[in-house]
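Chemist: The lines below spell out each chain.
Number of protein chains: 4
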Amino acid sequence: MLTEPSIATSLLKRFLDVRQATMQFCAPLTPEDLMVQSCPEASPVKWHLAHTSWFFETFVLGEFVAAYQPYHPDFRWLFNSYYKSLGEMPEKKLRASFSRPPLDQILAYRRHVDTAITRLLEHAPQDEALRRIVLGLEHEQQHLELIATDIKHALFTNPLHPAYVAAPANFGGDSAQIAPPLDWFSFSPGYPVRPGVVEIGVTPDPTAIDSFAFDNETPRHPVYLAPFRLASRLTTCAEYLAFIDENGYSRPELWLSEGWDTMRAEGWQAPLYWQRDANTKSGWSVYTLHGFRPLDEISETPVCHLSFFEADAFARWAGHRLPSEFEWEFVAAQQPIEGNLLEQESLHPSSATTTAKPHAPQQLFGDVWEWTQSPYTGYPRYKPLPGALGEYNGKFMSSQIVLRGGSCVTPKAHIRATYRNFFSPGTRWQFSGLRLARDGAS
Amino acid sequence: MLTEPSIATSLLKRFLDVRQATMQFCAPLTPEDLMVQSCPEASPVKWHLAHTSWFFETFVLGEFVAAYQPYHPDFRWLFNSYYKSLGEMPEKKLRASFSRPPLDQILAYRRHVDTAITRLLEHAPQDEALRRIVLGLEHEQQHLELIATDIKHALFTNPLHPAYVAAPANFGGDSAQIAPPLDWFSFSPGYPVRPGVVEIGVTPDPTAIDSFAFDNETPRHPVYLAPFRLASRLTTCAEYLAFIDENGYSRPELWLSEGWDTMRAEGWQAPLYWQRDANTKSGWSVYTLHGFRPLDEISETPVCHLSFFEADAFARWAGHRLPSEFEWEFVAAQQPIEGNLLEQESLHPSSATTTAKPHAPQQLFGDVWEWTQSPYTGYPRYKPLPGALGEYNGKFMSSQIVLRGGSCVTPKAHIRATYRNFFSPGTRWQFSGLRLARDGAS
Amino acid sequence: MLTEPSIATSLLKRFLDVRQATMQFCAPLTPEDLMVQSCPEASPVKWHLAHTSWFFETFVLGEFVAAYQPYHPDFRWLFNSYYKSLGEMPEKKLRASFSRPPLDQILAYRRHVDTAITRLLEHAPQDEALRRIVLGLEHEQQHLELIATDIKHALFTNPLHPAYVAAPANFGGDSAQIAPPLDWFSFSPGYPVRPGVVEIGVTPDPTAIDSFAFDNETPRHPVYLAPFRLASRLTTCAEYLAFIDENGYSRPELWLSEGWDTMRAEGWQAPLYWQRDANTKSGWSVYTLHGFRPLDEISETPVCHLSFFEADAFARWAGHRLPSEFEWEFVAAQQPIEGNLLEQESLHPSSATTTAKPHAPQQLFGDVWEWTQSPYTGYPRYKPLPGALGEYNGKFMSSQIVLRGGSCVTPKAHIRATYRNFFSPGTRWQFSGLRLARDGAS
Amino acid sequence: MLTEPSIATSLLKRFLDVRQATMQFCAPLTPEDLMVQSCPEASPVKWHLAHTSWFFETFVLGEFVAAYQPYHPDFRWLFNSYYKSLGEMPEKKLRASFSRPPLDQILAYRRHVDTAITRLLEHAPQDEALRRIVLGLEHEQQHLELIATDIKHALFTNPLHPAYVAAPANFGGDSAQIAPPLDWFSFSPGYPVRPGVVEIGVTPDPTAIDSFAFDNETPRHPVYLAPFRLASRLTTCAEYLAFIDENGYSRPELWLSEGWDTMRAEGWQAPLYWQRDANTKSGWSVYTLHGFRPLDEISETPVCHLSFFEADAFARWAGHRLPSEFEWEFVAAQQPIEGNLLEQESLHPSSATTTAKPHAPQQLFGDVWEWTQSPYTGYPRYKPLPGALGEYNGKFMSSQIVLRGGSCVTPKAHIRATYRNFFSPGTRWQFSGLRLARDGAS
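Residue numbers (UniProt numbering), protein chains in the order written: chain A, 1 to 442; chain B, 1 to 442; chain C, 1 to 442; chain D, 1 to 442.
Among the hints, a few may not be true.
[What the hints assert, rightly or not] Computed cross-link-like contacts, DSBU-like style, restricted to lysine-lysine with a CA-CA straight-line distance of at most 35 Å:
hint	chain 1	residue 1	chain 2	residue 2
1	A	K93	B	K92
2	C	K13	A	K93
3	C	K93	D	K92
4	A	K93	A	K383
5	D	K93	B	K93
If you are wondering where the hints come from, they were derived from the structure by calculation, not from laboratory data.
Sequences are here, hints too, so could you generate the full structure?
Modeler: In structure tokens, the structure reads:
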């Protein structure tokens, strides 16, 4: 059965928009910037530009376009990231050596793929092809976010610490901006005042091509939840500074054992991108995509670039805990998807507002990925996608922690309440922060 | 309120038995054997003998005996394992340098503590002292198991590979012994034939001093479980050999990404203690506490000394999965605690029997710790013990996996259905194996 | 006293030539190529372009030009390599993050320095300024050689293994080209047929500004030498292949203990850049600056990219030894400086010729740096240059081995008989090979 | 030709003395002490006891006693240290796992070998057997020194820092003992007042069985030496403390580059075994074989447990340099072999005396091994011993530095002017210190 033209048409517009957004983000960067790979988690931007095209070529064009001519036969293995079913690939750390193919060729590769996908969409492809294109767009958006994350680290690593772009005029907000006091919202899942079973995740509707979820969000399934409370907003830099000032990094009783050892081995004394700076009132400056800024300017904004270990230690110090991913989703599923996301172009978390509607937690979407207390595992009866695409999410289900809600560099169309991000608990290069939770009245 | 003498009296007998069991296990070992520390997970046996005494001295005698005279003031910090609240301690890797205090002094230390605890128990101590003694005994039993585990690795590391003791006459069982075919038992938690909510863990009864659970088993709480099936017995060496022979260690699609990388980096090609041996029919020999034995002798016994990654890969290869810790507990809670445990003195897993009662899975307790698919986290509303004892379990709740059921070197009195053991997913020096699970009819 | 204009004038021409040679070598490279840093020994070419300018700015312009305006104040520390007396500098491994300053600015920096040096030379500077410019030119030539060495490794590391430039038409020479049989030349230093004392090194003439030697070549001093023999040519790939084929990499008796351990840890089975290739007659292909080539094409050329450990093991296998640096210098000092050097543009070692004059060893200069058996130490009464320049050579006098004679990427004007290059014995990314020596008749 | 009985007889006495000395040194140690291996350089004492017996068994009994029955066939490979020609051996780091064979068996092994060597010597063996026994005794004495060095590190590593034996009554000497002021002795090798050629090393007399030198001391050969001066005594702790107090560990210009990096990576701030101690006047305590002692007690004794890098940096700070090994030997060859050696039983360096004869440097033998500036290489025409014994010294001739003169734990009969010890420049667990040198008037 062929798909209705209207879906293909709207998907084409979306495809062109998403592909264009990637290129637009790179506009302020030089060809040399695109070469930098400054930490094991990151890749050069140039590689991202190629790999996202490779994804479309491999999983869409190569499978659904008869007699498709690949742009270059070597690109098939050269820009494979980690799909072992497809054969050998270069080690990740070698990506910084990819001066060839030259940038011009990478850009031509993108155009080649854009043209081929456009032609495919203009010719009423099968449903499965459409689904794969949707997957490719979600993949591209993930990599757009990674580009923002990676280039921040790359520019910070440069001893000159250049800015990606100049700060907007209102960066850091009105200097009188103060985050509202922390408040708590109570939730009693299940039948009123009784703890109970809630439904988590999503079971995809095979007929709704536009509706998308990664395989790790499936299937929708029951989970038992006791009553709990969730903080009304994210934890701020000012609150985290109090943790630092009260010797949070020197008190082992606040830390998981693995966290303490990691923190000591790495020499952490503050979030990533914070540096002591005697020239500021607070004694700290913070590197942002707009360059180094005094912490004082952004002390009311959500604290960012924390590891899970730091988020967990902070929560213990505060007398509370991190939410489970199920608690978070249960609440977020009832809220509209809006917030400080990539399209806002702030490129940094923003303060909570005092004018936000008072009946629900704010900042659930955007600003910072929120560390939960939940290890990343497959949901009951979880089935990875068939074939090489099964490697997308499933093989990472060990020693990682789930984060929820997206950040200020997440495209808005990419995030949803059921979305599960995941990183090792010692990861800090992401825009990652926290929201407090506590047990409800029993 | 004072405790009834009868509890103290029975506890005294138990105390003397447990302490004696530790010493008895060491009888075949030389003072030099007690010095060896052959991997980062292990400690010298001599250190275990001191540390278990330190535990009683620190958490019982020092708190509940007025004017208690410690055996030696330096032992307070010297034999602290990881309780940072109590002050600094030597790095774990230094324990192999503890030639002083000499063994004689360690044994005198044990007797000193035994005498003091005996006297305390003879004088009707407070309930809290009794509870601490019970905790100390559970702690001693954990370390007795660790002694067995660590000395196995120590003797194996010695290039001569000496045996701990000679094999019993019937080791490896009747050569005709064949494990029964794998069968499945179905479970539908909750209301008949309907998935539902079960109760997991335990909420301690503060008045029942004898009843014990570690804090990580608390509190009892509801968990939602869908129908599932559990294998009738543990996976055998013969079954695991088929996985090896079908290139299980060379097929990335079977492995978690972290598992694949670990396996390749470590060069694993089989479980720990297996070595290729052209002189055996199977091509393998296996080191046991009775020295190296041809795999052929024990091919029907449960496979042992697997990492989580190997257990998980095997399950995927077999078309099934590992059980969750809740599934396991739900089943085990209905079974008597019996099996091939330390008191059997086999010191190695035994074959399942064809004569076992057919209405439930066998080998749930003893033989091998069973890797589950569950990351180790705190139960909802989990509260660590107050003070330094809060470091016993809670601070390890990251990047570890739960194992259930005890092994052939676990004391019988130490294991129960709610017991949660935990290790990093790459750990192999434990007596760890697996049981398969699968989803129930939906 | 002012210097005669003619010296400054000729120096200006030389300055412009040397600076131009660096730029010319970079012509085939893209801005992205200039960013790659593919091993700890190497730096990005872009960094070399800046650092060599920094050297002139720091040690000439900043000291000898009144009111000199540095191109950019940050460059003073940013492009410092290892001169700790001048203050802090970025870690070497960060150089790959120097996307900013952009290449345009680096090129402008070079022009700024060129202009300022030109002006200085046009105004009759002090002798010391002239001497520093000469030093700066030698430094620039060293870095030109490093650029060739580093970009070879960078392009090789790229999984596509692109060539730097296409091979010249006669690459690998006439296919009938066969290196002449190995012959020996005898030397009896001192009075005829009597072992004795020779003079090694150079004591600079302070009035001869043009005459240059690094401080590590000074002072000229007596050394006792016994009679010895030196091979008539360098060791070839074909000869080295015999060592490989006779299990040279598996025979511990041929290797220094540190060499054996290094070789096994690194997994070496052949020189760097050799790869097994079933499609060639010899079974090997070799990466060159002209891309991968069958070993068969170049089997008669000198073997290259050996560590000292491999050169030493080969010599032992061959029943001979490496020469001392004094033996080498004693012989080379009597020969003209000519050979396969950078200006030949072969960019690869060439075969010895059968038409070479028969009365002396050939290939002493150019082709490959020759590992000697001499650890790198200061000559008796060696004094490093004063100030920061004293860090140029002196602080590396431990755990390194001297190499002599220059390679096919060494500028001709840069090499001389007294020149001492030095690298750690495990280094292979240099164009390094060997010449055999043996004891003379006693 | 058979040897005269008198040589065999005197050798037998020497053999029994040397073997007995080893056992006597171990008398204060427990079987557990003998198990400790506390750093990669060290071995357990128990292993030394076995290995020295293995040496006699392998290189004497196995070759020169017909139908010799080895004590145990496994010992042949088990106690091989590094002789690859003899086959595989256990990794060095595994020696700490050698709880079996038990100590009793090791002692029986020693007696077995003692008996067999005694019998051999009683039956007029060949000259070559006698030479091998002499070599075995030198080997045993080396290991006796290593036992002292290794057990010092082992006991220090124990957090209780026990002493090997109590200090002698006069330890640290008369509190009024002050080292004499540093003076210089001038040497002009060769014909009077003219620099010249000296003879270094030794060419063995094949007919003098008792005369011994390691192969690395051979052959005697000419070396050119310029005039130089040598310090009248070793550098003291007080002098080294001044280097520390004047920020010697923070001034990069004083250090070799490799030394600076090593020192920073290791966190060195003082010699090994020095610890800050606010309870002493000097602010330091020093661990000795008699336990920790205030630095004040031993400030006039030679500084000890320095790396080459520290000795070299100190010399540069002092405005002088380290002597070459040839300068040292030239001077020492003219002096009697006497000093603070193992037989003095001080087990720690002693102060220089003001009553020493004024015409020559003192402390040349004993107290501390003196770092020279000379890398360890083979002498011209050096030939290693044939067969496996060729691995004794020759294969270590890279990246090591020569030390001369023996220490307070070197047996007197083991040291001589031509003796060349060698260690990596970062080694500190040896009793290693320094003596200053400078250039003579030219």
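Chemist: Compare the structure with each hint and give your call.
Modeler: Status of the hints after comparison with the structure:
1. Proposed proximity of K93(A) and K92(B) is supported: the alpha carbons are some 33 Å apart, at most 35 Å.
2. For the hint linking K13(C) to K93(A), the alpha-carbon distance of about 43 Å lies beyond 35 Å, and the restraint is violated.
3. Between K93(C) and K92(D) the alpha-carbon distance is near 33 Å, which keeps this suggested pair within the 35 Å criterion.
4. Taking the CA atoms of K93(A) and K383(A), the gap is near 31 Å; set against the 35 Å cutoff, the hint holds.
5. Taken as a hint, the K93(D) and K93(B) pair is honoured in the structure, with Cα atoms around 14 Å apart against an allowance of 35 Å.
Checked against the numbered hints given earlier, this structure breaks only hint 2.
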